[in-house]
Amino acid sequence: MSEVTLETPLVKVLGTSAKKLAKARNLETVGDLLHYFPRRYIDAHAGSSFSEFELGEHVVLTAEVAEMTQRRMKNRRGSMANAVIVDDAGQRALVTFFSAHPHYGILRPGKRALFSGQLGLYGKQLQLTHPQYSLMDDADMSIYENGLVPVYKQVEKITNLSLTLSIKQVLDAVGTLPDPLDDDLRERMGVPDLTRAMRAAHLPRTMADVGAAKKRFRFDEAFITQLVLAQRRAKARSVPATPRVPRPDGLLARFDRALPFELTSGQVEVGAAIADDLAREVPMHRLLQGEVGSGKTIVALRAMLAVVDSGAQAALLAPTEVLAAQHATSMRAMLGDLAQRGQLGGDADGTRVTLLTGSMSTSARSQALLDIVSGEAGIVIGTHALLQKHVDFADLGLVVVDEQHRFGVEQRSALNSKAATPPHVLVMTATPIPRTVAMTAFGDLDVSTLRQLPRGRAPIVSHVVQAQNPAWMNRVWERIAEECRAGRQVYVVAGRIGDAHDGSGAMLVDPGTPADDGEALRPVGVVELIEQMRHLPALGGVSIDLMHGRLPADEKDAVMRRFAAGEVDVLVATTVIEVGVDVPNASMIVIVDADRFGLSQLHQLRGRVGRGEHGGLCLLVTRSESPEALERLGRVAGTTDGFAIADLDLELRREGDVLGAAQSGRRTSLDWLELTKASDLEVIAKARDEAVALVEQDPTMADHPLLAQAARERVDDQQAEFLERG
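For reference, each letter of the sequence shown is one residue, going 148 to 873 in our numbering.
Treat the hints as calculated values from the structure; they're not laboratory data. Heads up, some of the hints might be wrong.
Simulated pairs of lysine to aspartate or glutamate, DMTMM-like, Cα-Cα distance not exceeding 20 Å [said to hold, decoys possible]:
hint, residue 1, residue 2
1, K361, D340
2, K362, E334
3, K382, E428
4, K361, E821
5, K362, D326
6, K300, E175
7, K565, D593
8, K304, D179
9, K170, E303
10, K361, E334
11, K382, D850
12, K362, E409
13, K361, E829
14, K258, D235
15, K304, E204
16, K315, D287
17, K361, D330
18, K315, E334
19, K362, D850
20, K361, D827
21, K824, D850
Just the calculated beta-carbon pair ranges, DEER-fashion [stated by the list, open to error]:
hint, residue 1, residue 2, range
22, G762, P390, 41 to 47 Å
23, Y188, R782, 30 to 36 Å
24, D319, P390, 42 to 48 Å
25, V520, E175, 53 to 59 Å
26, H182, D403, 52 to 58 Å
27, V151, P852, 15 to 21 Å
28, N293, G745, 20 to 26 Å
29, L202, L332, 44 to 50 Å
30, K159, T847, 30 to 36 Å
31, P852, L202, 48 to 54 Å
32, A419, T353, 51 to 57 Å
33, F245, E199, 24 to 30 Å
34, P407, Q490, 53 to 59 Å
35, L202, R582, 36 to 42 Å
Every residue gets a Cβ at the ideal spot worked out from N, C-alpha and C, and that includes glycine.
All chains should be modelled from the sequences, with the hints used to inform the complete structure.
In structure tokens, the structure reads:
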């Protein structure tokens, strides 16, 4: 046989049996099979128990045959065999074969075997139907040294033993695997070479072998990901940018002197980091994360003023017209006459804040485009309308992206391309990001975090409300009415739109006794909810309006404007308000079916209230009686620390989509790392340091071809684009 490599087709090593692997699990090459790692390990001598598995789960365990019988079938020819097997905890299960031959002659009482099959019930008896098995006294079972059995996901028509034998055959054929990690790096990290790690994962003698293999593959995963990010970071910094330094007595200095309040220490610290970035000859790529209300907007405005001071323009990209208009209004208010250059009463040395959205009149749009291309508008705020081809800037120096997750890479690139030289980029998010996720998915960005809330910000109080209690729900509606009578406003949020005529019948106002459990758990939609609320005596005289994603954009904007103007008391909405207009008069939010939302999303939603002088109240309404759901909601209600909630959310959801598996159509590249583990955070941090050092020495990885190839294979172009995020 010619030399076997990771790219060698399996059929050349395994023959016709390779076709089963390709058909069942899409395993085509030697590398594919070697990266088909066991999902767990069992000790054939210590045994395992049925109690470790759930009904319907595919089980692999060792057990002893206690009984074996056969009987002729009534409705078809032939005989069936039934065995009773006993696990090492003494639990019994029925094993059924619809064809007695050859099983009746093999599985004799007293024989011990490795069984593999789906766990079910026959009456009240546990059952495996037509399982695969291998007798423990089979000569081939000697492959399991010391009795440690690697257990793989089921491969149709291939036993666990046959799969292990095939992997050994492949390992023997390939010999020594080329290792992307050099000796020095492996020694620093305390990990085995790749060949030893592969054999330890697939053919372990002890669990210590398994631990060494996992340590190697965890580091590989972290290191390759960090290499991709470090390369992207180095590439971005290799392109020259124009330094943007404010004038000593320019707009920024004058704005700071006129501020009626003192910046928080966090705002000062982050502002200094951004100023340092802007003064450099490489583009800034910084992520600014902070709670809703932590003061990100003023940090962004100060950065924009610094760029305007330098003679360039700054653009802020917002996800909705309402939010863009709010940014424009609030920035004009904060700047005062400094934002009115060329207007009556405006400062001659000031600038102009220009808004550009898709719904503007033709004349307003034409004037905005003229202000932008002439440079009269130092600060430009807009929606996707900014990305259109005929929008030209005089000198775009800074791009600020608000709620960056709402925009794709192509959209951000379209705005960046409007600059003569690469602009500095600041992306913002109000969704707190756990440190492990920030390092893994935003590793090519400098990350700044605002944790402090400005002084005087009123607290938000949260409570869990179980809707099954009519008295509690009545109090919810009364509490809404009280807020409205006091001149304040309320959000009521549900997770789906629904339809008053869709027959769902989901009720919140008076749940009563549902027809069945399925109906009880059907989520409430905002269309049906608003109809129920409009008939409540407690809400008589309260003006209620509706907003959801199916409404035309101009209608959504109109509803939001009416609510912001105080013309609507209660806004019943889907999560479209999650990133929305700042309404300081909104003091209460009711989130319906709160158990169906992610924890970080709940925190983001409640950040819509308490933005004024009145504080905030958040009621998390649930019809679930699950102790786990109630505990989750209780933990959200018990803290206002969004970063603690983000950590908890990650722990519950896991990190499967962190690197864009869904977006790329491929498996997530996190197979070994668990971002909730402190030990894995240490691995990621070490991997990042090593990756940065390597890329500084060898930016194109020309001297490390195996690492370059591993990076290409681990993170394809589409995932790399997703990784960029900012």
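**Request:** Could you tell me which of the hints above the structure violates, numbers in ascending order?
**Result:** Numbers 7, 12, 18, 19, 21, 24, 28, 34 - these are the hints that the structure violates, sorted from lowest upward.
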